[in-house]
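2 protein chains.
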Amino acid sequence: MTFELPPALGLSGDEAAGRRLLERIWGKRGIFTCTVANTLTSTIPGISEAGDTPELTMFTPVADAELLVLNRVVCMKGLPINPGGIPTPATLTKAALDLSRMPMLIIDGGCRTKPNIPCIEVGGECGDKVTTGHAVKNVRQAFEYGKILGKELARTHDYVVISESVAGGTTTALAVMLAMGTIRENLMSSSSPNNPKQFKMDTVMTGLKAAGLQIGDLANDPLKAIECVGDPMQPVNAGIILGAAPHVPVIVGGGTQMAAVLAIALKLDPSVEGNVIQGTTRWLMSDRNASMPALMAKVSPRIPIVYINMDYADSPYEGLQAYEWGYIKEGVGCGGAAVAAVISSAGRITCPMLLDQVHAVYRDIMHCE
Amino acid sequence: MTFELPPALGLSGDEAAGRRLLERIWGKRGIFTCTVANTLTSTIPGISEAGDTPELTMFTPVADAELLVLNRVVCMKGLPINPGGIPTPATLTKAALDLSRMPMLIIDGGCRTKPNIPCIEVGGECGDKVTTGHAVKNVRQAFEYGKILGKELARTHDYVVISESVAGGTTTALAVMLAMGTIRENLMSSSSPNNPKQFKMDTVMTGLKAAGLQIGDLANDPLKAIECVGDPMQPVNAGIILGAAPHVPVIVGGGTQMAAVLAIALKLDPSVEGNVIQGTTRWLMSDRNASMPALMAKVSPRIPIVYINMDYADSPYEGLQAYEWGYIKEGVGCGGAAVAAVISSAGRITCPMLLDQVHAVYRDIMHCE
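Protein chains in written order, with our numbering: chain F, 14 to 382; chain B, 14 to 382.
So here's chain F without its partners, still in its complex pose (with noise of 0.2 Å):
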């Protein structure tokens, strides 16, 4: 085996079984796809600073999505930010698809306002919070949807990647690892490196108790495990992979809110395992609030993970800066979209590109304004 990872990328998980997906996809041409949703979990206040308020949260996902298309967000004012003005990791997300001229794919898995872009849909409804224990609806139809579409894109495309934007997710990822019995803490990341984790737990626990389950319960029934306490992206990309990895490689794009679409993937056909690879952030696997490897290990251990080298030290920008101090770290699919780039690339694009080109996307939206 003589493939030479390049600079910009970390190998993680099955170090081998990576390398082999790697070789395969080198240089060949994937497309990107991103799924947006809304979960009313978000809007509990403490939950999630996807976003500068909880209700801003809701705007998240729709701005992201707008982003990446219209290079502006139309459904609100501003550009999405964690609450001190640190920007959305679509501006990473955006850089990589530029950069590489991958295609794209929004995905609204269920927004309670629609974007203002074309989207496929896939019969989603915006999610309830986890705390009623009836989260999500037509989760069989956007599952069956999914695969689909899954199937579709693997059938002109080399790999697929897939990803999110969903504020609160990684509580909902939460209760449907813990429904599931994948795992029995809180080993989540957050977008901020205050991780609320022991708040998180409680208000999954409600949800849990609301459905009347007990962790582990639904260890054989992932679609019923978001249907009671997950979120309507979860269901569109676990039936992606489900349509896609039988044909070419899938790239998970994010990062512990992804893991749990793994997990659902992986219980409901385990064969798919050796045709897919996490794609994440270096921020993210060296996050002390979280603990992705100890959760890789629960899902599966022999999935390879690959991660992006960004580094966000140097730039002139304090809010790009932020990344480094633990916000933000993953989202909209930012890791897979720029491990993607230096794939399709056969390692052409590097990290100082990408930082450039995040640099020029950052300019040009704040301009915009």
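Mixed in with the good hints there might be a few duds.
Note that the list lumps identical chains together, so a pair holds whenever it fits in one copy or between two copies.
[To be verified] The list that follows gives simulated cross-link-like pairs (lysine-lysine, DSS-like), each with its CA atoms no further than 25 Å apart:
1) K150 / K127
2) K90 / K237
3) K164 / K90
4) K41 / K164
5) K164 / K222
6) K280 / K41
7) K90 / K311
These aren't lab readings, by the way, just hints derived from the structure by calculation.
On the provided structure of chain F, position chain B as indicated by the hints.
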């Protein structure tokens, strides 16, 4: 100029421009889109033969979309046929997409009942009868969304194919071109060799009168013409042309219906003229009951027409042989998809190969029932 047209393709209209455009995209990678929509116009008895009965014409666009994506029809029993059992041209579209592995997007321009597949949504609704004089809602949004989509697809593909499945669509195309004054008589084709031209003309004139319009009144307001007497497919596809053609060539896949879309697009932005090609079939070009060359001369004499030289005379299936007798001739982008398959394969894909695949698709669908 040494570019040699393969036997699979014929050229008409501005042939020199056609050769230049073909050479630019020869062997390159495009994307196929099909916008499906309903207009209640097709339920007026005698207007449309794209369905076994007037009421069944409402299912034809949705069934075509399902056929392309799922290889089977979910929304109704059987596959879309013209009276007498002549199968939908989607059979050729699917064959071309299968052989070329070209990416495909289905856009729901406005169907009464949504296709049972993931589609791009553009805010369109089922159109009303042309006779009402207020036939289409949300025209401006659908047009803007088409523009966004066209620009996005052009960013990541070397050319874009647009097409339609709209039963009753030649009548709404006629209506819009009369309202714009592009034509003053019925030069439209039909999916039947017995094209009820006068009846369609009378129906359309009823619509113009209901809208308070005379021929040519909306020469400078094509979107208003769609609102009054068009169908929901038209603004989306006109938008895609305007979004994509400034960047990459657009293949307008279809016959006289898509000529109307081209007329709309050229009126809104004459500069796209140098970057569009009409992509159609030999059957349409030789239709004795319509005058495609005469119509295109009215729309613009500077548009090249490329057609696929398919011949079903030796097919073992009578339903396919009927294409040689003047039935169907075009639709669901079959001409555009077949032309694009030849282009993307740099001429490696031939008409005999397409014919074999059409037979495989046809047998496969029949077997599924």
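Review point. How would you classify K41 and K164 at a CA-CA limit of 25 Å: within, between, both, or neither?
Key: both (18 Å within a copy, 23 Å between copies)
Check your understanding: Which holds for K164 with K222 at a C-alpha limit of 25 Å: within a copy, between copies, both or neither?
Key -> For K164 and K222, neither the intra-copy (37 Å) nor the inter-copy (48 Å) Cα distance is at most 25 Å.
Point to revise | Intra/inter-copy verdict for K164 and K90 if alpha-carbon distance must be at most 25 Å | key: Classified as between: cross-chain Cα gap 24 Å, same-chain 37 Å, threshold 25 Å.
**Study point:** Identical-chain pair category, K150 with K127, by Cα at 25 Å
**Key:** both (17 Å within a copy, 18 Å between copies)
Practice item. Could you figure out if K90 and K311 sit no more than 25 Å apart (CA to CA) within one copy, between two copies, both or neither? Key: neither (41 Å within a copy, 46 Å between copies)
Exercise for review: First find the shortest C-alpha distance between K90 and K237 inside one copy, then the shortest across copies, and answer within, between, both or neither for a cut-off of 25 Å.
Suggested key: neither (37 Å within a copy, 31 Å between copies)
Point to revise | K280 and K41: within-copy, between-copy, both or neither at 25 Å Cα | key: neither (29 Å within a copy, 40 Å between copies)
Going down the numbered hints, you'll see the structure goes against 2, 5, 6 and 7, while the others check out.
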